[in-house]
Amino acid sequence: MPEIDGARLTSALEDRYAKIDVVERTGSTNADLRKALEEGAADRTVLLAEEQTAGVGRRARSWSSPKGGLYLSVALRPGVPFAALGSLSLVAGLAVRAAAASVGVDAVLKWPNDVLAGGAKCAGILAEAVAGTEPSIVLGIGLNVLPLGDVQPGPGGLPATSLAERGATNTDRTDVAIALLGGLDELERRWRLAGGDLTEAGLLGDYRTHCATLGQDVEVQLPDGTALTGRAADIDAAGQLQVDMAGGQRHTVFAGDVVHVRPA
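With the first letter of the sequence shown counted as 1, position 27 gets the number 27 in our numbering; the numbers rise by one all the way through.
Any given hint could turn out to be false.
[To be verified] Under the rule of at most 25 Å between Cα atoms (straight-line distance), these lysine-lysine pairs were calculated in the PhoX-like manner:
1) Lys-67 with Lys-19
2) Lys-67 with Lys-35
3) Lys-19 with Lys-35
Rather than coming from a laboratory, the hints here were simulated on the basis of the structure.
My request is simple: use the sequences and hints to build the entire structure.
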């Protein structure tokens with residue numbers, strides 16, 4: 001398969017990102033950019049890897065990262081309040097969905113950090129805040145472009161799929177990366193100008209439109225081992241899920257407090 005073309009990526013996106021690097025292999029692009037931010041890396045520094053040997057998802061779950069996917073992280077110093085950083089995962093989901101649509105794949109969003117195509121998972125998102133004098137964050141995206149072979153379902157039970165398996169009209173990973181990073185640039189700028197508020201950024205309606213979780217009866221598993229069941233009713237401006245319980249009360253679910261959300 002053709003390698004990701006770093007020179008073509010930089011040429012297409014150099015006015016949008018401070019630095020774009022492509023490496024053959026690393027443990028985790030998120031871990032690399034967390035360290036880079038701590039050492040003073042510029043806002044909008046990007047790292048892509050052909051393969052990750054220690055990729056992770058939410059709650060330190062392993063993320064299979066063989067060659068054939070897009071594994072990238074973006075280091076951001078967005079200048080928004082720390083409490084607003086959590087909604088960036090939803091912005092990234094919109095960018096991934098749009099990149100899939102650009103190659104003819106109809107994808108939907110599973111709150112808070114998955115992208116699905118044909119009922120299977122084609123992408124995952126991991127946003128990690130980084131301690132420092134100013135709020136900063138590493139946004140990691142793993143998108144399956146080419147078939148990845150025998151990848152087992154994750155803890156949520158969703159099988160894996162790829163853009164190619166869903167009939168993508170273009171599986172050149174450089175082209176897909178340009179579409180993804182170009183779209184993320186536009187959406188993230190709107191988000192940061194709005195101070196991290198999805199409504200003010202004009203993004204909340206789009207997320208609601210493309211979120212397959214809304215309207216479902218869901219079971220939300222929490223880190224303490226408990227679970228709550230109800231109807232996924234809404235997403236608020238901070239990116240939190242609103243669940244209507246059987247007794248009539250509405251419960252707010254924070255993405256960081258969720259093990260996973262699945263149909264009840």
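Restraint check for Lys-19 with Lys-35, where alpha carbons must lie at most 25 Å apart: Holds - the C-alpha atoms of Lys-35 and Lys-19 are around 15 Å apart, at most 25 Å.
Decide if the proposed pair is consistent with the structure: Lys-67 and Lys-19, CA atoms, cutoff 25 Å inclusive. 23 Å, holds
Restraint status (C-alpha distance of Lys-67 to Lys-35 at most 25 Å): 24 Å, holds
This entry satisfies every hint, going by the numbered hints stated previously.
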